[in-house]
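Enquirer: Take a look at the letters that make up each chain.
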Amino acid sequence: MFEAIAFYMFSILVIGMFLIVVFSKNALYSMSALAGGMIFISGFFFLLDADFLGVVQIIVYTGAIMAVYAFGMMFFDTTRDVKENIRFKKIIYTLSTLSAIFVIFILLAPVYSGKIEALYPSIQGVGNIQMIGLILFTKYLVPFELAAIMLLAAMISGIVLVKIKMEETPTDIEVAKGEK
Amino acid sequence: MITLTHYLVLSGILFSIGIVGVLRRKNLLMLFFSTEILLNAVNIGFAAVSKYYGDLSGQIFSFFIIAIAASEVAVGLGLLVLWYKRSGTIDLDSLQMMKG
Amino acid sequence: MEKYLFVALFAPLVGSLFSLLFTAQKKNVITALVTSALLLLSFVSSLSLMYAVFNGMIIHVKMMDWISAGNLNVPFGFMVDNVSVVMMVTVTLVSSIVNIYSMGYMMHDKGYNRFFTYISAFVFSMLILVMSDNFVGLFIGWEGVGLCSYLLIGFWYEKDTATWAGNEAFIMNRVADLGMLLGLFLIYWQFGSFEYDVVFAQVGGINPAVVTTIGLLLFIGAMGKSAQFPFHTWLADAMEGPTPVSALIHAATMVTAGVYLIIRASALFSLVPEVGHIIAALGAFVAVFAASMALVNRDLKKIIAYSTLSQLGYMFVAAGLGAYWIALFHLMTHAFFKSLLFLGAGNIMHAMDDELDIKKMGGLFNAMPYTAILMAVASVALCGIYPFAGYFSKDLILAAAFNGGNYYIWIALFIGAGMTAFYSFRLIMMVFFGDKVYKKLGFHPHETYPFVLWTLLPLGVLSTIAGFFEHPFEEFTTKLLGKYDFGMSHATEVGLQFLTLAFVILVVLGTIYKYGRGGFSKQIETMPLYILLKNQYFIPKIYEVMIFKPYYVLSRFAWKQIDVRIIDFTVDLIAKILYLLGQRSRKMQSGNLSDMLRWMVVGIVVLLALAIFYRPGM
Chain A
1 MFEAIAFYMF SILVIGMFLI VVFSKNALYS MSALAGGMIF ISGFFFLLDA
51 DFLGVVQIIV YTGAIMAVYA FGMMFFDTTR DVKENIRFKK IIYTLSTLSA
101 IFVIFILLAP VYSGKIEALY PSIQGVGNIQ MIGLILFTKY LVPFELAAIM
151 LLAAMISGIV LVKIKMEETP TDIEVAKGEK
Chain B
1 MITLTHYLVL SGILFSIGIV GVLRRKNLLM LFFSTEILLN AVNIGFAAVS
51 KYYGDLSGQI FSFFIIAIAA SEVAVGLGLL VLWYKRSGTI DLDSLQMMKG
Chain C
1 MEKYLFVALF APLVGSLFSL LFTAQKKNVI TALVTSALLL LSFVSSLSLM
51 YAVFNGMIIH VKMMDWISAG NLNVPFGFMV DNVSVVMMVT VTLVSSIVNI
101 YSMGYMMHDK GYNRFFTYIS AFVFSMLILV MSDNFVGLFI GWEGVGLCSY
151 LLIGFWYEKD TATWAGNEAF IMNRVADLGM LLGLFLIYWQ FGSFEYDVVF
201 AQVGGINPAV VTTIGLLLFI GAMGKSAQFP FHTWLADAME GPTPVSALIH
251 AATMVTAGVY LIIRASALFS LVPEVGHIIA ALGAFVAVFA ASMALVNRDL
301 KKIIAYSTLS QLGYMFVAAG LGAYWIALFH LMTHAFFKSL LFLGAGNIMH
351 AMDDELDIKK MGGLFNAMPY TAILMAVASV ALCGIYPFAG YFSKDLILAA
401 AFNGGNYYIW IALFIGAGMT AFYSFRLIMM VFFGDKVYKK LGFHPHETYP
451 FVLWTLLPLG VLSTIAGFFE HPFEEFTTKL LGKYDFGMSH ATEVGLQFLT
501 LAFVILVVLG TIYKYGRGGF SKQIETMPLY ILLKNQYFIP KIYEVMIFKP
551 YYVLSRFAWK QIDVRIIDFT VDLIAKILYL LGQRSRKMQS GNLSDMLRWM
601 VVGIVVLLAL AIFYRPGM
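Residue numbers (the numbering used here), protein chains in the order written: chain A, 1 to 180; chain B, 1 to 100; chain C, 1 to 618.
Each hint can be trusted.
Okay, derived cross-link-like pairs now, DMTMM-like style, lysine to aspartate or glutamate, Cα gap no bigger than 20 angstroms in a straight line:
(1) C:K560 / C:D572
(2) C:K436 / C:D354
(3) C:K541 / C:D299
(4) C:K3 / C:D65
(5) A:K89 / B:D91
(6) C:K436 / C:E355
(7) A:K163 / B:E72
(8) C:K440 / C:D357
(9) A:K25 / B:D93
(10) B:K26 / C:D595
(11) C:K110 / C:D353
(12) C:K359 / C:D299
(13) C:K359 / C:E525
(14) A:K89 / C:D595
(15) A:K89 / B:D93
(16) C:K587 / B:D93
(17) A:K25 / B:D91
(18) A:K139 / B:D55
(19) A:K90 / C:D595
These are calculated hints, taken from the structure and not from any lab test.
The shape of chain A in the complex, shown without the other chains (with noise of 0.2 angstroms):
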C-alpha cells in the first residue's frame, strides 16, 4: 500500500515537473524544474531497493550535471527567451506517443511471454551497495574503467572547449561586428 502511494505521487510529481522542463519558455524554470524531477526519480531507485543508484542519481545528476548546467547558465543571456517558432505539433505528438507505446510493448513483450531469465541473480542477505560493488568490480570491471577514462575525457574537453577564447565576451565580438 504504502509502496503504491509512493509510486503515483512521485510519478506524478516527475511527469509534472518534466513537463514543466519540456513547456516552460524561462529555461532557468527548466532548470529548476529538472533538476526538482532528477531528485523525485531518485525516489523511485529507493522503491525499487537500488539504494546505491538512488544516491548516485541524487550526487551525479542534482549535484554534478546541475551544476555544471547553472554554471553553463551564467554564460548565456538566460533573461532574455529564446524565440522559439514551433511547427508540425501534431506530428511532434503523434511521435512521441507512437514512439512510446512501441517501446513499451517492446519492453513488455517478454515480460508477459516470461522469457527472461537472471544473468546475474542478486544474493539474498547481501546489501544492495555490497551487491553493485561485488559485480561492478568483477564482472564490469573493464566498462567501468573504460567509463573512467571517458569521464576524464569529458572532462578535460569540457574544460578545453569553454576556455578557448575566454578573454573575449559575446558582447565585445558584438562590438567588434558593430565597428566593422
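Since the structure of chain A is already known, use the hints to place chains B and C on it.
Expert: Here is chains B and C on its own, set in the frame of chain A:
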C-alpha cells in the same frame, strides 16, 4: 500492488515527454534538458526490470548511463558555450547554414 | 597439317588487324604489302591443304569449346575436306590477286589503308564460313561477310548512293538471314546439334516434311546472299563500291556462299528433291531474268553484275538438280573469269575517269590492248566457248538439266546462254571497238600499271585452262559429294554440246557483225520490251511503292505516335515524377537540427513498427 508494468509505462510516458522536448524546443539548452529526461526515463526502466527479475545488470547499466550523461553534459555544454560565444545565440535555427 | 589450317585461316585476320592500326593515318603502302603477303601465305597454305586432302586426308580440328549453354554445345571447330578446300583455294587466290590489283586501283584513294583492312577482314570471315564444321560457325562467317560487304559497298561513304546501296545490301541480307536463322533453329530442334557430321548422319531418320522446311528456310538464306529473285536488287546497286570489291565479293566469293551452303548441306537437300526442283526452277528463272536485264543496260559494271546473277542462277540449277560437284565446278571457274571481267572493267574505269556508260566508250582497244585481250578472254570463257573454262562447266549444267528431264529448265538455260553471249560481246564491241566516242568527250584513256596487268594474268590463264581439270575435279569432289550419273548416251551428250556451242558461236558472230556495223538503231529504245528491261522489270519501282513507302509510313507513325507520344511521354513522366519528388523532398535536407531530429524519430518509429509487426515466415 505496483508491478513491473507500472514502472515501464511510467518510463514510456517520461520517454515520450523527452521526445516532445527534443522535437519541440528550439533552445539548445532545452534540448540538453530533454536528453536528460530521455536518459532518466530509460534508467527507471532498467532499475525496475532489475528489481523484478532479481538481476543487478539493470542497475549497472543505469549506472553507466549516468556516467555517459555526465560526460555528455560536460562536452555538450562546452560546445554550447563555444557556439554562444561565436554567434551570440543558442537558438537551434542559428545552426542552420544550408539554404534548404 | 593443322598448322597449315591455322595459317590459312588466321593470316588474313592478322593482316586485317595490322592494317587496322593505320586506318587513321595517311596512305601507307606497307598495309597493302603486308596484307598481300599474308593473303598469299594463306593461299599457299590452302594449296598445301588441298594437296593433303587430295591424298585422302580430311583435317578436322576442334580448336576449343565455343558456346556451352545447357544442351547447346557449339565447338569452335574447323574442317578441311574436298569441298571446303576448293572454296578455300578459290577464295584465297582471287582475294590475293584482287588485293595486289587494288594496290594499283586504290593508289590515290583517301581510304587506302582502310580498304585493305576491310578486304582482309572479309577474307577471314569468308574462310570461317567455308571452313567451319558446324552451322553456327557458318552463320557467323555468313554475317561477317555480310558486314564486310556492307562496309565495302559503302566504302565511299561521302556518296549518298554508296551508303544507300550498302544499307540496301545489308538490310536485304538480314531479311533473308531470318529465314536461315529459322532453319538453324529448326536444325537444332530436330538434331540437338549444329555439327555437320551429327546433322547429316541423322538426317535420314527425320520426318521428310521437316527436312523440306529446313531445306526451304536454308535456301531463303542462300537466296539473300546469292542475290536470287526476289532479293536480287541489292547486287546491281552494290556496284557503287570500289571495283575490286565487286570483283572479289560480288562476283567470286561472297555471293557464291549461297551455292556453297546448298553444296555443303547436300546430304540434306538430296533427300528432298522437291526443294531441289524449286531451287533449280528459280535458278533457271534468274538465269534468264538477269541475263535479259543485262541485254540493254548501259552501265559497264551493272552488265557484269547481272551476268553474275545469271551465272549464280546456273549454279543453283546444278545444285538443285543434285549435280553438286558441277555447281562447285562452275562456282570455281566463274570466280576466275568473272573476277577477271570485273578487274578489267576496273581498268577501263580507271582509264575513263570512273565513267561507266559504255555508250561513251568505244574503240578503246588501241588505248589499252592488254586489258582488252584479258576481258575478251574472260568474256569468251563466260559465254562458254571451247576451250575456255566456262564451256566445260556451263555445258555440264545444261547436260544435267537435260538429263533430269526438266526440258523447260534446259530451254531456259539454253536461251540464257545465248543472251550471255549477246551481252558479253555487246559489251566488248561497244567498249573496245567501233567509234571512238570518248575522244569527243575529252577522255584520255591509257593502259594501267604493268604490275596490275601482270597480276591479272593468272586469272586469264585460269579462265582459259581451268576447264581441262574437269575430270580430276570430279574425282576429287565426288569423294565427298554424291556422284552425278549422266544417264544419257554419249551421242546425245555430244549432240547437246554441239548444239549449244553452235548456238552460242552463232550469237557471238551475229553480235560482232551487228555492232561492227554500228549496232542497233535508236528506234529500238522505244520498244516496250526495251523499256521494261531497261527499268529492270520495274522491280525496284515496285519495291519502292509496295515496301519502302508503306514501311516509311509505318515507321513515321511509330515515330510520331508511338515513340514520341507513348514512349517518350512515359520516360519524361518518370523523370518529371522524380524531379517533383526531389523538389518536395529537398525540404527534408534543410540542415536544420530540429528537422533532422524529427526525421530521426520518424525513422525510429518506423523501425520499431517493423520490429513489432514484421514477422517473416509467420
